[in-house]
Every structure is written in C-alpha cells, then in structure tokens.
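With the hints as your guide, set chain B onto chain D.
First to last, the protein sequences are chains D and B.
Just so we're aligned, residue 0 is where the first sequence starts under numbering that gives the first Met the number 0, counting upward by one.
Just so we're aligned, residue 0 is where the second sequence starts under numbering that gives the first Met the number 0, counting upward by one.
No lab work stands behind these hints, which were simulated from the structure alone.
Note that beta-carbon positions come from the ideal geometry of N, C-alpha and C, so glycine has one too.
Below 20 Å or equal to it, Euclidean Cα-Cα: the simulated SDA-like pairs (lysine to any residue) are:
| # | chain 1 | residue 1 | chain 2 | residue 2 |
| --- | --- | --- | --- | --- |
| 1 | B | Lys164 | D | Ala242 |
| 2 | D | Lys63 | B | Leu29 |
| 3 | B | Lys239 | D | Gly211 |
Derived contacts from chain D toward chain B, CB cut-off under 7 Å, selection only:
| # | residue |
| --- | --- |
| 4 | Glu70 |
| 5 | Ala73 |
| 6 | Val77 |
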Amino acid sequence: MSRRAGVSGGAVLAVGLLLAAVAGSFAWLDMPLAALFTAAAVEEAGGFVARFFPPDLSSDFLAKVAWAALETLAISLVSTLLATLGGALLALPAAGRHGLAGRHAARFALNLLRSVPELVWATLMVLAAGLGPFAGTLALALHTTGVLGRLFAEALENSPPTPADALAGGGAPALVTFLYGTLPLVAPQWLAYALYRWEMNIRMAAILGFVGAGGLGALLYYSLSLFQEAQASTVIIAMLAMAVAVDGASAWLRRRAGA
Amino acid sequence: MTAAPRDPAALPRLGWTLAALVLLWPLLQLADFRPAALFEPGNLAAMGHFLAGFLPLETSPDFLALLGRATVDTLAMATAGIALAVLLAVPLGIVLTRSLSVSAIGPGRGGWIGRLLRAGARMLLAVLRGVPELVWALLFVRVFGLGPAAGVLALGITYGGMLGKVYGEILESTDARPARSLLEAGSGRLAALAYGLLPNAGQELLSYTVYRWECAVRASVVMGFVGAGGLGQLMDQSMKMLNGGEAATILATFLVLVLAADGLSEALRRRMA
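Just chain D, same shape as in the assembly (with noise of 0.2 Å):
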C-alpha cells in the first residue's frame, strides 16, 4: 500500500539491470580508469596534443589535403549513386513486386549487405579490387545499397498503388506503369534517403582510408604512423569542414526538392 505513484517493481528491476551491465563492462574491460587521472599519463596527454599545434599549412601539403578530399568525396559521391541503382533494383523484388521467392531472396541480400559494416567491406574489397580508392568506393555501396534498397522497398510498399493500377488497367507496359504511376510518388522519399546516406558515408569515406582505401583517412593514416602530427591535425581539420559543408549542401538540396 506504500508503493509511491508511477514507479514499478519492473522499472525498478530494469534499472538495476542497467546499472549491472554498465558495471559489468567496466570491470570487464578492466580499464585502468585511475592510471589515466595520475600526474604523468596528465602530462603525457598533455604533451601529445601540443604536438597536434599549430596544424602544417604550408601549401604542399594543403594541396595533398586538398586532393585527398576531392579523393574522398567522388569516393562518397559514387558509391552513393552505385547504391541508389542497386538499391532500387533490390527494392522491387523486396517489395513483393516479383512474387514471395524473389521477396525472400532480395530481403535476404539486402539484411547481408546491411550487416556487414562498411570497414570490413573495404578489408574485403582491398582484396578483391587491390588498394585504392576504387576498393572504398565498392565497399560504401554494397553497404549502402543493403540500407537504401530496405528504405526503397518500405517506401514502394506504403506508396498508394491506384495511379499504376489505373494505368496497368489501361493497357500501359509493365515498365511505363512503374515510371510514371509508382516513382513520381516514391521519387522524393527515395531522393531524401539517398542524400541522407550521402552525408553518412562521406563521413564513412573519410575514414575507410584506415584500411588503404583512399581518401582522406590514407592521409591520417599515414601522418600519425610517422608521428607527424601536425600534418594529421590538418587532416582532422579538414574532415571536420568537410563534415559541416555536406551538411549544409544536403540540407540546401533537400529544401529545394521539397522532400
């Protein structure tokens, strides 16, 4: 009878859970959480980012950069573009438009390419297509065509189907139907999914480098394996103006498209 309004014997329980699993990962990891906080590891910590400043903005290597970042955004740019085919060609069959097998199937295809993270793509493509930006681009759009063509085919399915009904009844081919009955509703969802997962995997782009495939994080990679810090604070600048320009760009074009 004392129980105090709102609070349940299961938000009770669910918060202690909570609270184990957190102390659970700590002690798990066994981080040496007061070895950080000590006097030296202060001034180590202290000594390591000085070295970061000032950034080398001599014109060499800002043309290097700059390269680079016109590296990693044709990187993002492409494999966007190779996504947005791939995925509408998977959305299709994942939304039940070529009968239950090939539903199964493309869901199935699209969950693999998803799971995989875009790293382990570029571990994978490295290999098949050799270092270089060719091998980023390939491993940013098999992992976003598994998220876009899911996105696509949730789309196509809550898209009303009266327009391609009225124009299939009327004698229009199979491919007509679907130009000009289905995309013209989907088309804006799909364009603001697409420019969404753009300005995810520039950021992607930027850093898929780390496993020699291009771009900026090549760059990174390389400048602090040499311990040259102040070149790798350039780059870190420049990914960070990067970051915010796609954003801006992203959040221009989708005012303008009305999506």
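Then chain B, alone, in the frame of chain D:
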C-alpha cells in the same frame, strides 16, 4: 516534335540527366573507377583463394574461446562507451535547453551569460561528434596503447556529442510550460527538469539512448581495425594472414551480433513506447 505532346517534362529531364552524366565523368576518374580491376588475374586469384578458405568455418575450441572473449569485449566496449557518453551528454544537453533558463524569465539583464554558455556547449558538441569515432580511437590508441580502453573513450566522446545534441533538441521540443511555472514559483533548475520536463520527455530520451547503443555495438565491431580491441582486431589479424576460415567465422559472428543488437534494441524501444 513528336515526343513533346506526350510528355512535356521529357526534354528537361533528358537535359538534366545528360548534365549529370557529364559531371559524373571526372568523379569516376577521381574515384579510380575501373571495374576491370576486379577481374585482373592477380586480384581474382587472391580473392578466390581467400574465399575458398571460407569453408569449412574455423571451429577449433581454442579459436572459439578467443572469439567468445572478443565478442564480450565488443559488447562491453559498446555498453561502457554509451555510459561515458551519457555522463558527458546529460550536463551538456541540460545546458543547451532554453526552457530551463532562469534568466529568460526576466526582468533582468538579458541573460547573456546563458546565451554564451549555450553557444559554447553547442560548439563543443559539434567538435566532439564531428570527428568520426575511428579517428578518436586512432588518436587514443597512441596515448593509451592498444586495447579496448581507447575504443571506450572514442565511443564516449563521439556518442556524447551526438547524444548531447539530441537530448537538447528533445528537451527543447517538449512542452516548456510545466518547467516554466516551476521556475517562476522559485524551484531550482534540476527540480524543474525532473518534474517539469522529464515526465514528458523521458521516454523519448531513453528510447534514443537505446538506439544509440545499438549503433555503438556496430561501431565497436570495427574499432579493432585501428587496434582498439574486440572482434575487429581478430578480424584484422585473420585478414592479414588471409585465413579464410577464421574470417568467415568472425563474419558470421558479426552478423549474429548486429542482428541481435538490432532485435534487442527494437524490443526494448517497443516496450518503452
């Protein structure tokens, strides 16, 4: 002129498509797009040999024990990282929330301190989440050495930035009137947060945190590629030794882990909704 009456939009569309294709060409060059590379004999042989090694999966007890440890490492890294992120995000998110600003009630001197504080917090959050978690991890590995500690800190910082921003947005978009009347009646900011905002916003905050945990599991899977422990490190080693059987087993574990985290997070969020 025969096409125009049938679809008046056809010509402009064709024009835009052609323009896009012209723009695409330099991009393809920059991205070094040459599908033929996939079929060069050297690459085909390397990939074929590697893929042929996928079966049978590596299932020796030694390796499975290693794999189990790495899996728990990965999950613990994600959980600890999110815990750190929440610690970082809660104060910053509260600072961002205008409906908890006492100076906004006035009359008084405009509250420029509050505005300055909010702008500072917003910028800090932007930098924290603007640098990808793998870059943070790469940096922390230099300071703290190889191992999951670097991954936990990296996740804590990046996800702290994301959570803080979203917490602020959620709190801003909830009904400000209960908190406002509490503040006007003289209660403190924390009390106004707890009794004025959280009852309306709590569910959404929790649900977003759970969703971010799911993302953190996916992120911590790859942390090992820069030496921050977990499954990724195992995968990196197997890939470098071109051990297909081990790589296939690890890939299968990835899939199971990611799908399980997906499922768990969805179930939790459905229960909370």
